[in-house]
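Undergrad: Next come the chains, spelled out residue by residue.
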Amino acid sequence: DVKVTQSSRYLVKRTGEKVFLECVQDMDHENMFWYRQDPGLGLRLIYFSYDVKMKEKGDIPEGYSVSREKKERFSLILESASTNQTSMYLCASTPGNEQFFGPGTRLTVL
Amino acid sequence: AQSVTQLDSQVPVFEEAPVELRCNYSSSVSVYLFWYVQYPNQGLQLLLKYLSGSTLVKGINGFEAEFNKSQTSFHLRKPSVHISDTAEYFCAVSMEYGNKLVFGAGTILRVKS
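For the protein sequence lines, the chains are B and H, in the order given.
1 is the number of the first residue of the first sequence in our numbering; add one for each residue after it.
1 is the number of the first residue of the second sequence in our numbering; add one for each residue after it.
Please keep in mind that the hints were generated in silico from the structure rather than gathered at the bench.
As the structure is a prediction and not an experimental result, all values here were calculated from the model.
Don't take every hint at face value.
[As the list claims (entries may be wrong)] Derived pair list, reagent style DSS-like, types lysine-lysine, alpha-carbon separation capped at 25 Å:
hint	chain 1	residue 1	chain 2	residue 2
1	B	K71	B	K57
2	B	K70	B	K57
3	B	K18	B	K70
4	H	K49	H	K69
5	B	K3	H	K58
6	B	K3	H	K49
[Claimed, not checked] Which chain B residues face chain H? A few, computed with CB under 8 Å, are given here:
hint	residue
7	F33
8	L41
9	G42
10	L43
11	L45
12	F48
13	G58
14	L90
15	N97
16	Q99
17	F101
18	G102
19	P103
20	G104
C-beta: ideal position from N, C-alpha, C; glycine also.
Go ahead and model the full structure; you've got the sequences and the hints to work with.
TA: In structure tokens, the structure reads:
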């Protein structure tokens, strides 16, 4: 079975803190994605990556950056967390035909 | 740009009744279509997908969906729902194989006894 893991299920941070969300997949997938999920808005793509050290902006990249130093790991970085970044963050990976999702990280920024 | 519209934000239904969750998309090119389910406090799980071929697609847990190109729709159906089907369902579209997905806003299915 494909496994996508995320470093934390719940995270509470303060405004202005730097936040790292980690995602690891164990199936050698090349493509990885970060989404945020908000009620009534569905999932919106923040960033994605097709290969190591490659990244592309999604639909809502402002306030976020990413890092992909190894194929299996894709990190989402909030350089200076703000309250409007309180959300559920979902990571996904794909070999090409369907995306496999992690369990999500519910981030609260106070 | 692609977009996905899920016409109902919530669908209440009694157990063993049939259900249809509606999804329309906008795209001028061929697309790949997906339905995902999210149970409480979990990530998304693929229910079914349309890549090509037969327009009637069967998925897990007794769900099926029909691709209608002329109406740009991909509605999800189940003939008899169970309490355990209570979850949020997301329709998604992709223009390229392996590329990013565009999601609808989601439909919460509430199955009542």
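Undergrad: Now, for every hint given, state plainly whether the structure supports it.
TA: Outcome of the hint check:
{"no.": "1", "hint": "K71/B <-> K57/B", "verdict": "holds (18 Å)"}
{"no.": "2", "hint": "K70/B <-> K57/B", "verdict": "holds (19 Å)"}
{"no.": "3", "hint": "K18/B <-> K70/B", "verdict": "holds (21 Å)"}
{"no.": "4", "hint": "K49/H <-> K69/H", "verdict": "holds (15 Å)"}
{"no.": "5", "hint": "K3/B <-> K58/H", "verdict": "holds (24 Å)"}
{"no.": "6", "hint": "K3/B <-> K49/H", "verdict": "holds (20 Å)"}
{"no.": "7", "hint": "F33", "verdict": "holds (7 Å)"}
{"no.": "8", "hint": "L41", "verdict": "holds (6 Å)"}
{"no.": "9", "hint": "G42", "verdict": "holds (4 Å)"}
{"no.": "10", "hint": "L43", "verdict": "holds (4 Å)"}
{"no.": "11", "hint": "L45", "verdict": "holds (5 Å)"}
{"no.": "12", "hint": "F48", "verdict": "holds (6 Å)"}
{"no.": "13", "hint": "G58", "verdict": "holds (7 Å)"}
{"no.": "14", "hint": "L90", "verdict": "holds (6 Å)"}
{"no.": "15", "hint": "N97", "verdict": "holds (7 Å)"}
{"no.": "16", "hint": "Q99", "verdict": "holds (6 Å)"}
{"no.": "17", "hint": "F101", "verdict": "holds (4 Å)"}
{"no.": "18", "hint": "G102", "verdict": "holds (5 Å)"}
{"no.": "19", "hint": "P103", "verdict": "holds (5 Å)"}
{"no.": "20", "hint": "G104", "verdict": "holds (5 Å)"}
Of the numbered hints stated above, none is contradicted by the structure.
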